[in-house]
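Enquirer: First to last, the protein sequences are chains A and B. Okay, so the first sequence: first residue is 1 according to the numbering used here, each after it adds one. Okay, so the second sequence: first residue is 1 according to the numbering used here, each after it adds one.
Derived by calculation from the structure, the hints in this document are not laboratory data. For glycine and all other residues, C-beta sits at the position ideal for the given N, C-alpha and C. Be aware that one or more of the hints could be misleading.
Below, a list of computed lysine-lysine pairs in the DSSO-like style, where the Cα atoms sit at most 27 Å apart [to be verified]:
hint : chain 1 : residue 1 : chain 2 : residue 2
1    : B       : K63       : A       : K103
2    : A       : K103      : A       : K42
3    : B       : K13       : A       : K39
4    : A       : K42       : B       : K63
5    : A       : K107      : A       : K42
6    : B       : K13       : A       : K45
7    : A       : K42       : B       : K23
8    : A       : K107      : B       : K19
Computed Cβ-Cβ distance ranges for the label pairs, DEER-style [claimed, not checked]:
hint : chain 1 : residue 1 : chain 2 : residue 2 : range
9    : B       : R67       : A       : Q27       : 42 to 52 Å
10   : B       : T74       : A       : E105      : 14 to 24 Å
11   : A       : S56       : B       : G31       : 30 to 40 Å
12   : B       : S84       : A       : T53       : 16 to 26 Å
Heads up, incomplete: computed chain B residues facing chain A, CB under 10 Å, no partners named [unchecked claim]:
hint : residue
13   : S7
14   : S17
15   : V18
16   : S21
17   : Y27
18   : G31
19   : N54
20   : S55
21   : P106
22   : W111
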Amino acid sequence: DIQMTQSPSSLSASVGDRVTITCRASQGISNYLAWYQQKPGKVPKLLIYAASTLQSGVPSRFSGSGSGTDFTLTISSLQPEDVATYYCQKYNSAPRDFGGGTKVEIK
Amino acid sequence: QVQLVQSGAEVKKPGASVKVSCKASGYTFTGYYMHWVRQAPGQGLEWMGRINPNSGGTNYAQKFQGRVTMTRDTSISTAYMELSRLRSDDTAVYYCARDRDDFWSPPFDYWGQGTLVTVSS
């Protein structure tokens, strides 16, 4: 199975900072990569799919890039409401495994 | 509007089984796969498997093979996930989520509200 590895596992940044989260697949998955946001006590929410396509209703400060094995999620200007754990997920085939998550906090 | 409504919280003893339901509305039930994802307390998301509501075909994560069964009832647009031989480390919130299995369609765009399953003696 393809392993999904996220880094860092947690980060702390100031409001307005640019934040970047990395996801690496152990084998190429083309652009079959999605990002989810999960706020404490809430259901995960789809942010980005096809590596870089913003889901409807998601603020434009979120963006995704990458292809093959290396992907990034960028928050261009961190806001207090972005405090959450972010997960990547491959969806080229089963199993639809997730990365381990990156917890984002405000400094 | 699309909704996935799951059954309520469960408390089970080790060795027992649990069956969680996920009732879909607002879309064509047979047009989307239904996946199950779980999250243990303080842990990440873990994919368990999926069912094709149209054919009934399933794919399970290797970790759960032999213990998990996913079924559906198309007459009531409901998917089910049954996990047997429960252990304490199966304590988790279990989610259903739909997916079209198509690159250009957003995956897991709707999720159920989650069902807490607690395994305790």
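Enquirer: Against this structure, judge whether each hint is valid.
Expert: How the hints compare with the structure:
1. About 25 Å separates the Cα atoms of B/K63 and A/K103, which keeps this hinted pair within 27 Å; it holds.
2. For a cut-off of 27 Å, the pair hint linking A/K103 to A/K42 stands: about 14 Å separates their Cα positions.
3. For the hint linking B/K13 to A/K39, the alpha-carbon distance of about 30 Å lies beyond 27 Å, and the restraint is violated.
4. For the proposed pair A/K42 and B/K63, the alpha carbon gap of about 25 Å is at most 27 Å, so the pair holds.
5. The suggested pairing of A/K107 with A/K42 holds, with an alpha-carbon distance near 22 Å, which does not exceed 27 Å.
6. About 32 Å separates the Cα atoms of B/K13 and A/K45, which puts this hinted pair outside 27 Å; it is violated.
7. The straight-line distance between the Cα atoms of A/K42 and B/K23 is roughly 19 Å, inside the 27 Å bound, and the hint therefore holds.
8. A C-alpha spacing of about 42 Å is found between A/K107 and B/K19, which places the hinted pair above 27 Å, so the restraint is violated.
9. In this structure the supplied range 42 to 52 Å is violated for B/R67 paired with A/Q27, their Cβ-Cβ distance being about 27 Å.
10. Our hint of 14 to 24 Å for B/T74 and A/E105 is violated, since their Cβ atoms are close to 44 Å apart.
11. The given range of 30 to 40 Å is broken by A/S56 and B/G31, whose C-beta atoms sit roughly 18 Å from each other.
12. Remark: the range hint 16 to 26 Å for B/S84 to A/T53 is contradicted by a beta-carbon distance near 38 Å.
13. Because the smallest distance between the Cβ of B/S7 and any Cβ of chain A comes to about 15 Å, over 10 Å, the interface hint for this residue is violated.
14. The beta carbon of B/S17 comes no nearer than 23 Å to any beta carbon in chain A, farther than 10 Å, and the hint placing it at the interface is violated.
15. Interface hint at B/V18: violated, since its Cβ lies 20 Å from the closest Cβ of chain A, which is beyond the 10 Å cut-off.
16. Given hint, B/S21 at the interface with chain A, is violated; its Cβ is 17 Å from that chain's nearest Cβ, farther than 10 Å.
17. The criterion of a C-beta within 10 Å of any C-beta in chain A is not met by B/Y27, whose closest approach is roughly 15 Å, and the hint is violated.
18. The interface hint given for B/G31 is broken, as the beta carbon of that residue sits about 17 Å from the closest beta carbon of chain A, more than 10 Å.
19. Hint status for B/N54: violated, given a least beta-carbon distance of 16 Å to chain A, over 10 Å.
20. Given hint, B/S55 at the interface with chain A, is violated; its Cβ is 15 Å from that chain's nearest Cβ, farther than 10 Å.
21. A least Cβ separation of about 5 Å between B/P106 and chain A falls short of the 10 Å threshold, and the interface hint therefore holds.
22. Interface hint status for B/W111: upheld, as the beta-carbon distance to the closest one in chain A is roughly 5 Å, under 10 Å.
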